[in-house]
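Student: Sequence:
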Amino acid sequence: CGEHGGDPSSIEFCHKVGLHYVSCSPFRVPIARLAAAQAAIRNKEN
Numbered sequence: 001c002g003e004h005g006g007d008p009s010s011i012e013f014c015h016k017v018g019l020h021y022v023s024c025s026p027f028r029v030p031i032a033r034l035a036a037a038q039a040a041i042r043n044k045e046n
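Just so you know, we're using our numbering here: the sequence shown kicks off at 1 and counts up by one.
Hints are computed from structural coordinates only; laboratory data are not their basis.
Using N, Cα and C, we set each Cβ at its ideal position, and we do this for glycine too.
Just so you know, not all the hints are guaranteed correct.
Stated by the list, open to error - Quick list of simulated restraints, FRET-style, between CB atoms:
| hint | residue 1 | residue 2 | range |
| --- | --- | --- | --- |
| 1 | Glu-45 | Ser-25 | 27 to 33 Å |
| 2 | Asn-43 | Gly-5 | 17 to 23 Å |
| 3 | Lys-44 | Glu-3 | 24 to 30 Å |
| 4 | Glu-3 | Glu-45 | 26 to 32 Å |
| 5 | Asp-7 | Ile-41 | 28 to 34 Å |
| 6 | Ser-9 | Glu-45 | 28 to 34 Å |
| 7 | Asn-43 | His-4 | 16 to 22 Å |
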């Protein structure tokens, strides 16, 4: 439970559908934060 929440592709999807947070295990937090930042940059509206 929660392992898919730290997956970069899941975070990208959550960002696109407007979710503001995901749940993941502690060891995935750094990856999740990086993926969230990358998703925000990729989907930045000008």
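Student: Please check whether Glu-3 and Glu-45 have a Cβ separation lying inside 26 to 32 Å.
Tutor: holds, 30 Å
Student: Just tell me: holds or violated, for the beta carbon distance of Asn-43 and Gly-5 against 17 to 23 Å?
Tutor: Once the Cβ atoms are compared, 18 Å apart, the range 17 to 23 Å for Gly-5 and Asn-43 holds.
Student: At the C-beta level, are Glu-45 and Ser-25 separated by a distance inside 27 to 33 Å?
Tutor: holds, 31 Å
Student: Take a look at whether the Cβ-Cβ distance between Asp-7 and Ile-41 falls inside 28 to 34 Å.
Tutor: violated, 18 Å
Student: Is 24 to 30 Å a correct range for the gap between the Cβ atoms of Lys-44 and Glu-3?
Tutor: With Cβ atoms ~28 Å apart, the hint holds.
Student: Starting from the hint 16 to 22 Å, judge whether the C-beta atoms of Asn-43 and His-4 obey it.
Tutor: holds, 20 Å
Student: Using the Cβ atoms, figure out if Ser-9 sits within 28 to 34 Å of Glu-45.
Tutor: Because 21 Å falls outside the window, the suggested range is violated.
In this structure, the earlier hints numbered 5 and 6 are contradicted, and the remaining ones agree with it.
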